[in-house]
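Novice: Produce the entire structure from the sequences given, and follow the hints as far as they go.
Chains as they are written, first to last, in the working numbering: chain Z, 709 to 1024; chain D, 165 to 414.
Worth flagging that the hints you see were computed from the coordinates, not collected in a lab.
Where hints are given, some of them may not hold.
Said to hold, decoys possible - What follows is a list of derived Cβ distance ranges for each label pair:
1) D:A335 - Z:G834: 29 to 39 Å
2) Z:R722 - D:S410: 12 to 22 Å
3) Z:T823 - D:S332: 37 to 47 Å
4) D:V187 - Z:D727: 50 to 60 Å
5) D:L310 - Z:R734: 49 to 59 Å
6) D:T184 - Z:Y719: 30 to 40 Å
7) Z:G834 - D:S260: 22 to 32 Å
8) D:V345 - Z:D872: 44 to 54 Å
9) D:S260 - Z:E819: 21 to 31 Å
Backbone N, C-alpha and C fix where the C-beta goes; we use that ideal spot for every residue, glycine too.
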Amino acid sequence: MIEVSNLTKRYAGRTAVSDISFAVARGEIVGLLGPNGAGKSTTMRILSCFLPATSGTARVAGFDVFHQSAEVRRRIGYMPESNPLYPEMRVREYLKYRARLKGLGWRRSRERVTTVMEQCGLADVGRRVIGQLSKGYRQRVGLADALVHEPELIILDEPTIGLDPHQIRAVRQLIKSLAGKHTVLISTHILPEAEMMCSRMLIMFGGKILAADTPENLQRRMAGSSQIIAEIAASAEALRKCFSQIAEIEHFDVSSCEGEFQRCVLTPRDGLDLRPLIFVLAQQNFWMVRELTRHRHSLEDIYVQITRPDEEEENE
Amino acid sequence: MKIFWALLRRELASFFFSLTGYVIIAAVTLLVGLSFVVLMLTLGSDSFTAPVTELVYSTFFFWLIVLLVTPIITMRLFALEKFSGTFETLMTTPVSDLQVVAAKFAAAVFFYMVMWLPMLACLFIVRHFTNQPGTLDAGTVGGMFLGIFLVGCLFLSLGCFASALTRSQMAAAMIAFVLGVSLFSLGFLARAIPVTAQWQSQVLSYCNLFDEMDDFARGVVDTRPVVFYVSATFLFLFLTLRAVESRRWK
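Specialist: This is the structure:
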């Protein structure tokens, strides 16, 4: 659906996007993830034909965003970051106007407006003036606008920014329900959000794509450094002696906890799961175990690690 | 075409469903009324042979209105959309730049013509009370409104251009005002230049908006000023289009 190759965008004296390439298949929900100023919005603006690229090409549904921009624009629904709307218009009137602009006929636009208003929970504010709506409703108007002409590709720039938790949940549900039928490209800097909604994530930093994979794979990539935490009632020496004999444990740390319990933090070799082993050990030595957990690096850790500025310089 | 009508409707709605629209109409009505009073006083004191419409221009109110009001009408068109970000949502729909420029300009011209309607009422009052059909016939009124229309098109296209250049409405109004006043004063320059300087004075005399308007007011429609106004309007609309497109190559 989207093919981007060697895309670069330079503003006067600053490179916002530098030589990125990625592809998005039809029906995917892809999250563009990165801190502020990573080049997410610029990428989206180029894909939505608002800005030209300095070099490189981007194609949407097989059409070039620069040379066949009208064809591309017919196929996308784009919601910019600030979600600009006309404050003096009424919700229904605005959506109808937008539907007309996107080339829908009179009858069809009326049908579609009614549908998307229900889909986005706007049915009872249709006659309200947009300027007087709450932020949550305005965001939903922007979403409804992006959906109104049933575009093949929906580009949403920070769709949940500034919403309260309930509204965020509703928006996420809505976006998830679009999977399969539409291709969705979402940008966000909130990681759990991308984790929940997206089938694939592109992590951007400093105008480059640093990682592109499914949330599970990204997590697995870091699994090598997962840790086992066990709280065992035994003497510290006995534990140390025991752990040092096991080859699967790369590193261990035993510290005393309250009572007779010792807190053991074990780093396994090659990302192995040590929990069954610990259980067997405890059984053999008649130790009491009150906690046995595997601590996985969350995507948040990965994200922070990948997008940390100093690490980035070290990698280069 | 469908898209053009949708755009035009929205632009007209933003003129007529907003307070600014009515403030402009009220201000113009007041100025037209004042000029009408001056006109009446002149008619009352001297004997006058020229058509009444010509008097309207001799009061200077007309040019004051055109020069002051057209930048205010047009300043909003592109600058506000750029400022609020709706320009981005607008330009990412399958509308062409030409449709957007044409719709915005057409809406501004429509509003401008509506703004002048009170003047028509004033003229009918004159006609009613003087009982002299000769002073005010369909030809002179038609010629006058054609003149108002053409002058308006030129100044509004100038305003469109100014508005497409910037994201600040104030800056747009200022640029349009400066461009408008410069164009207007070119006509006076033509008078100042001695007749011996041949081509300069001829070129400048085409820009002599003031005298041309007198002709229209007499009901004389010369093709030369018509061509001048129409081509200058198209020039500025073309420049507006380029300015709107400039985001693609800037």
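Novice: Can you tell me whether the CB distance of T823 (chain Z) to S332 (chain D) sits inside 37 to 47 Å?
Specialist: Since T823 (chain Z) and S332 (chain D) have Cβ atoms about 39 Å apart, the given range 37 to 47 Å holds.
Novice: Using the beta carbons of T184 (chain D) and Y719 (chain Z), state whether their distance is inside 30 to 40 Å or not.
Specialist: Holds, at about 34 Å.
Novice: Is it true that G834 (chain Z) and S260 (chain D) lie within 22 to 32 Å of each other by Cβ?
Specialist: 30 Å, holds
Novice: Holds or violated: the 49 to 59 Å window for the beta-carbon distance between L310 (chain D) and R734 (chain Z)?
Specialist: 57 Å, holds
Novice: Is it true that the C-beta distance of R722 (chain Z) to S410 (chain D) lies inside 12 to 22 Å, as the hint says?
Specialist: The hinted range 12 to 22 Å holds for R722 (chain Z) and S410 (chain D), with Cβ atoms some 19 Å apart.
Novice: Return holds or violated for the Cβ distance of S260 (chain D) and E819 (chain Z) against the range 21 to 31 Å.
Specialist: Hint holds: Cβ distance 26 Å, inside 21 to 31 Å.
Novice: Is the distance from the Cβ of V187 (chain D) to the Cβ of D727 (chain Z) consistent with 50 to 60 Å?
Specialist: Cβ of V187 (chain D) to Cβ of D727 (chain Z): about 52 Å, so the range 50 to 60 Å holds.
Novice: Starting from the range 44 to 54 Å, see whether the pair V345 (chain D) and D872 (chain Z) falls in it by beta-carbon distance.
Specialist: At roughly 52 Å between Cβ atoms, D872 (chain Z) and V345 (chain D) fall inside 44 to 54 Å, so the hint holds.
Novice: If I claimed the Cβ atoms of A335 (chain D) and G834 (chain Z) lie 29 to 39 Å apart, would that claim hold in this structure?
Specialist: 37 Å, holds
No hint from the list above goes unmet by this structure.
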